[in-house]
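Taken in sequence, the protein lines are chains H and P. At the far end of the first sequence sits residue 138, using my numbering, and the numbering has no gaps. At the far end of the second sequence sits residue 406, using my numbering, and the numbering has no gaps.
Some hints could be false.
To be verified - To give an idea of the interface, some chain H residues facing chain P are shown, with a C-beta separation under 10 Å as derived from the structure:
#: 1; residue: 12
#: 2; residue: 13
#: 3; residue: 14
#: 4; residue: 15
#: 5; residue: 19
#: 6; residue: 23
#: 7; residue: 27
#: 8; residue: 28
#: 9; residue: 30
#: 10; residue: 58
#: 11; residue: 60
#: 12; residue: 62
#: 13; residue: 64
By construction, these hints were calculated from the structure, which means they are not laboratory data. In this text, a Cβ means the ideal position worked out from N, Cα and C, and glycines have one as well.
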Amino acid sequence: MPKYLLLKRYRGGPEPHRPFPPMDQWDPKDVEAHLAFLRQVAETLTESGEYVDGQALTPSSSFVRYGGPDAAPVTTDGPHPETSDLIAGWMMVDVDSYERAAEIAAYISSEPGPGGEPLHEWIEVREVMEPGAPIEGA
Amino acid sequence: MSLKPASDALDEGALRALVPRVLAALVRSGEDFDAAEDALQEALIEALRTWPEHPPRDPRAWLAAVARRRLVDARRSEAARRRREEEAPADPAPVPGAQPAGDDTLFLLFLCCHPELSPASQVALTLRAVGGLTTREIADAFYVPEATMAQRISRAKRALRGQRFERPGDLAVVLRVLYLIYAAGHADRVELTEEAIRLARQLTLATDEPEARGLLALMLLNHARLPARYDDAGRIVPLDRQDRSLWDEREIAEGVRVLQSALAVQTDERPPGRYQIEAAIAALHADAPSADETDWPQILSWYDELVALSADPVREDPAAVLGRAIAVGHALGSAAGLRETGRLRDVLGERHRWHAARGYLHALAGDPRAAAEAYSEAAGRATNVAERNHLVREAARLRSEARAAT
Chain H
1 MPKYLLLKRY RGGPEPHRPF PPMDQWDPKD VEAHLAFLRQ VAETLTESGE YVDGQALTPS
61 SSFVRYGGPD AAPVTTDGPH PETSDLIAGW MMVDVDSYER AAEIAAYISS EPGPGGEPLH
121 EWIEVREVME PGAPIEGA
Chain P
1 MSLKPASDAL DEGALRALVP RVLAALVRSG EDFDAAEDAL QEALIEALRT WPEHPPRDPR
61 AWLAAVARRR LVDARRSEAA RRRREEEAPA DPAPVPGAQP AGDDTLFLLF LCCHPELSPA
121 SQVALTLRAV GGLTTREIAD AFYVPEATMA QRISRAKRAL RGQRFERPGD LAVVLRVLYL
181 IYAAGHADRV ELTEEAIRLA RQLTLATDEP EARGLLALML LNHARLPARY DDAGRIVPLD
241 RQDRSLWDER EIAEGVRVLQ SALAVQTDER PPGRYQIEAA IAALHADAPS ADETDWPQIL
301 SWYDELVALS ADPVREDPAA VLGRAIAVGH ALGSAAGLRE TGRLRDVLGE RHRWHAARGY
361 LHALAGDPRA AAEAYSEAAG RATNVAERNH LVREAARLRS EARAAT
């Protein structure tokens, strides 16, 4: 049962298939439909025994590195250039195959947007490396 | 074969209420707090497992006996320790109570809320040693792995080693820790809010300090409105749109009673503290039959007192100054409220709550376009999913209102 991380972005990733305005500019009923869909995705995957965890991230971001001995950490605060990559949230699923993970990602990407049309949002799919040493050689 | 009568079901609340009493007795009899607390946690888990089938005659004596046995075992050699799992605990004879329950609670609260500990450690230790929750329950409540929470608790207890426990602790820290526990509750899992209320109730039995009663009143009054605060889909319903028939009248009445008993002993020389003031504001909201009938001038005067408690309220108590700005908007007009928030912009202008307050006041002023802008800004800065979704909804709703008006 491989685990996959499904990533949503505020920005970055491939060219949007269908650009859309921020959600607070949608019609209120489209907002409701979108939020209800996302809630239902997590419920469905929990019922199917595939949901592991999911979290949303705030849009604020900073980079930090070691500053050297006796020096404070070096920090670069946002705002970063619009081109930079900004993760909005993630969901981890435990599934039978990559194909199933891709199916789930595509389903999430069918989430309703303005006018109830599918958003076609790009979802990044990353396989999680298994921790621990295998008992038998593969 | 027969079904067990309901009265035989394990009363977890009653079991957990025994924890501080037994723990305090162990520590008072000279046991090390760290070891005694570990031993009692083991006894508690054992009780949760065995009591439903074999309820003891005297639950407190049972817990104390099993915890003492664990302590003795812990001191024995590895070989002796292996034996302990094989022995079922005997049912000891009832023992007469020693200290009044309130003393035990206060003693342990001061210990667990030691000012040397970080707030996260104070909260975790309080929930385990006074609240009688298991490590797993506390870990679940804070969404962290059980091993992480276990480590946090043992580090906290190590930090307390060698501290003198007999001197009186800092009640203000205890109150803050209980409030943190209350506020850490989530809409879909309210156990922590109820746990905080239970602990605050115990505290009011142990001390006459009016602020302790103020805190209990505040929790009761807020908790009474919780059923109306979220709809069936988990969406936030703001105060002015809540179905007030869902508010818990009995809990409101109790909150008001507790608050009045606290305020009754206050004098000009000893004015009410922040929890009593916040409870008074909550009571005024609870007292209004509809949002339109809210007594905003009186709420504003309480906010004035709340703000006056801090030397630099804008930095020290942003929630109070923003709440006051809303009250100004209602009592003196939305323009006055917006002017009030304008004065706070330099310091609070990057906080999501500042933008949310602006959005509310713009909407109150009948300017849905400006309100939508402010709510958008607030949504982009929110740090809670339910709150972010609420702010997005408000922005979308007001934007469509603005579109319809043009």
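> Is the interface hint for residue 14 of chain H satisfied, with its Cβ closer than 10 Å to some Cβ of chain P?
Replying inline: violated, 24 Å
> Hey, does the residue 64 of chain H contact hint survive, CB to chain P under 10 Å?
Replying inline: Violated, about 19 Å.
> Once the shortest beta carbon distance from residue 27 of chain H to chain P is found, is it less than 10 Å?
Replying inline: holds, 6 Å
>> Quick check on the hint: residue 12 of chain H CB to chain P CB, less than 10 Å?
In response: It is violated, given that the least Cβ distance between residue 12 of chain H and chain P is near 17 Å, above 10 Å.
> Given residue 15 of chain H as an interface hint, is the shortest Cβ-Cβ distance to chain P below 10 Å?
Replying inline: violated, 23 Å
> Taking 10 Å as the limit, does the beta-carbon of residue 23 of chain H come near enough to a beta-carbon in chain P?
Replying inline: Nearest chain P Cβ about 5 Å off; hint holds.
> When the nearest CB of chain P is found for residue 28 of chain H, is that gap smaller than 10 Å?
Replying inline: holds, 5 Å
> Any CB of chain P closer than 10 Å to the CB of residue 62 of chain H?
Replying inline: violated, 14 Å
> Close enough to count: is the Cβ of residue 19 of chain H nearer than 10 Å to one in chain P?
Replying inline: Since the shortest Cβ distance to chain P is 18 Å, the answer is violated.
>> Tell me if the interface restraint on residue 13 of chain H is satisfied: Cβ within less than 10 Å of some Cβ in chain P.
In response: Check failed: Cβ of residue 13 of chain H comes no nearer than 19 Å to chain P, outside 10 Å.
> Once the shortest beta carbon distance from residue 60 of chain H to chain P is found, is it less than 10 Å?
Replying inline: holds, 8 Å
>> Given residue 30 of chain H as an interface hint, is its Cβ closer than 10 Å to any Cβ of chain P?
In response: holds, 8 Å
Checked against the numbered hints given earlier, this structure breaks hints 1, 2, 3, 4, 5, 12, 13; the rest are met.
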